[in-house]
Amino acid sequence: MSPSSAVIEIDALTKSYGRFQALRGLDLLVEQGQVHGFLGPNGAGKSTTIRVLLGLLKADSGVVRLFGKDPWSHVTELHRRLAYVPGEVSLWPGMTGGEAIDVLGTMRGGLNEDRRAELLERFELDPTKRGRQYSKGNRQKVAIVAALAADVELLILDEPTSGLDPLMEKVFQEVIGEARHRGATVLLSSHIMSEIETLADRLSIIRDGIIVRSGTLTDLRSDTRTTIHAVLHHVPDLTALETLHEVHLNGDHLSATIESDRINEAMALLTGYGLASLTVEPPSLESLFLRLYDESTITPEATR
Amino acid sequence: MSAIGTISGTRRSDSSLTGTMPLLRTSLKHDGRLLAPWILFATVLSASSVLVYPWVFPTQQDRQGLAAAIGANPALGLIFGPAHDLTSVDGFNAWRSVALGGLLAALGAIFAVIRATRAQEDSGQAELLASGVLGRSSRLLTGAAMALFGSLALGIVAGLVTIACGGDVQASMLLAATFTATGWMFAAVAAVTAQLGSDARTANSMAVGTLGVLFVLRGFAYSIDAPRWTTWANPMSWMVETRPAAGNHWWPLLPAIAFTIVMLFTAFVLQARRDFGQGAITPSPGPARGRDRSTWRLALRINRGPIITWSIAFLMLGVVFGYFTTAITDILGSDSNVQQILAAGAVTPDQLVAASSSPY
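Chains A and B are the protein sequences, given in the same order. In terms of the working numbering, the first sequence opens at residue 1 and continues consecutively. In terms of the working numbering, the second sequence opens at residue 1001 and continues consecutively.
It is worth saying that the hints were derived from the structure and are not from the lab. There's no promise every hint is true.
[To be verified] Derived BS3-like pairs: lysine-lysine, alpha-carbon spacing no greater than 25 Å straight-line:
| no. | chain 1 | residue 1 | chain 2 | residue 2 |
| --- | --- | --- | --- | --- |
| 1 | A | Lys136 | A | Lys170 |
| 2 | A | Lys69 | A | Lys58 |
| 3 | B | Lys1029 | A | Lys129 |
| 4 | A | Lys136 | B | Lys1029 |
| 5 | A | Lys170 | A | Lys129 |
Build out the structure end to end from the sequences listed, making use of the hints.
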């Protein structure tokens, strides 16, 4: 983790709007070539963080570095190296999608023409329609095509697929995969767990203006317990099941959780009672997410 | 990738105004046409008085009658301001157009600025644009430049068309220049309110409200013969003091330009100090619970704002027209031309309106 390979470095960032504290000491590290998932519910501070990274908002305190430079004081220089897709895309109503892509491209310092044509085809976007005729999804495609047709080193995507149908969502995932192959770094803020699970190398989960967990998906999964449901021939004594957590016995039905790296022990234990049926659920990102949020609701300081 | 890095390294002309030209070009192409109606209205206003005046008031006697009737009516002064010279075509045009033409130019400029600045932040378009290679002040500069160009075009078109219709060159150009100057001043006012209000509607209302208050104060000051300093305290009055066709003073345009520069400077300073998407004035929170349980209450709740504003507007119109109706008999009594039209058989309301309303 040499600092030179970090594309985004945020350390103890705070930002308030009047009395409302949007960010309360946020840390974020995104290294070059990574697809970094940025997860959190509405109002957690995702968009504020992105606006600070884009140099639209000035940090109250903390260190923010984009390609090693302060995004507030090097706006235009840094913007030549990045492209951004907002969740809510708004265009001039009288401007066609094709024109909008070119305007955005011009303001970014040029587009890759071949890729522009290819992306239009893959996203099935008609570039001759005007802004007011496009649906939300199609306006989003305009911004996605404009961003991905630019040869930039960093893509910042703020819930880019919230208006796309599942087919286009799949195309989007392919296209992001290709961008990563070209060596681009991606910061992907999203609500869609499967999207993050498929695309992200690492992810950070934000809550109430701080990062509550950050790491690879495997890292985060190992923190979380696997759920076991079993029907047993012999009903065990509760004291014999101390390896397991959250044990519920209902007749011969057992449900419990176990640390993901101790499944073997649990299996050995349960086999002794004769297994009639068994379900093992690995922790999904969703359960992980919900769990983190539950925890933090009870003890917000414990996760810091 | 690294090639792009080096290009950006060598091309470091970074300033807070980088990217203004491409943005301005695109904005003019796609929003420029929205300025057209304002240019048209102001041009028709100024050119029509030059065309109509000799026809409605052909003799010196008619013109003096008009001057006397208007001089006796404070309500007309409230709207149009003082009449310096109503015995010439250009003097009449100056009286009729200086206030309203400026009002039109100012409204067009306000809407142009807010549309290109605050409204884009509301819609999210600004965020998308600002992620490009665009300096922090470029969007404000673009909006201001659109309004300044628009006001200039309005002045040039209105002036040239008025001259083509028979207006005196100097008087018509000076009158048109007051339109441009008013547009400029309120473009700058709107640039400031765009930093204060936290959404486009608030910013628009603040700028238009300022315009309305200054407009009414200007008329009021002239109707009641207020002390002389009130003229110089109100930018709208500076325009009247140019007196097109009745002295042709160009110098009151200078404070207007100075006012524009100071307000624009203020706007850029405020813009640099505020957060993107926020305004200096935070909206106060509304009620958390709804109490409207019937359709009638709902209808009333939804239309509360318009009901109040339109009631006030009609109340004010009523006061003005109340004055106006008492005075129309004076105008008719002294104006032989209108009497002739009536005598010649203007029996339908349309004919009467066509004959009598044209000078106003």
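Numbers of unmet hints, in rising order:
Result: no hint breaks.
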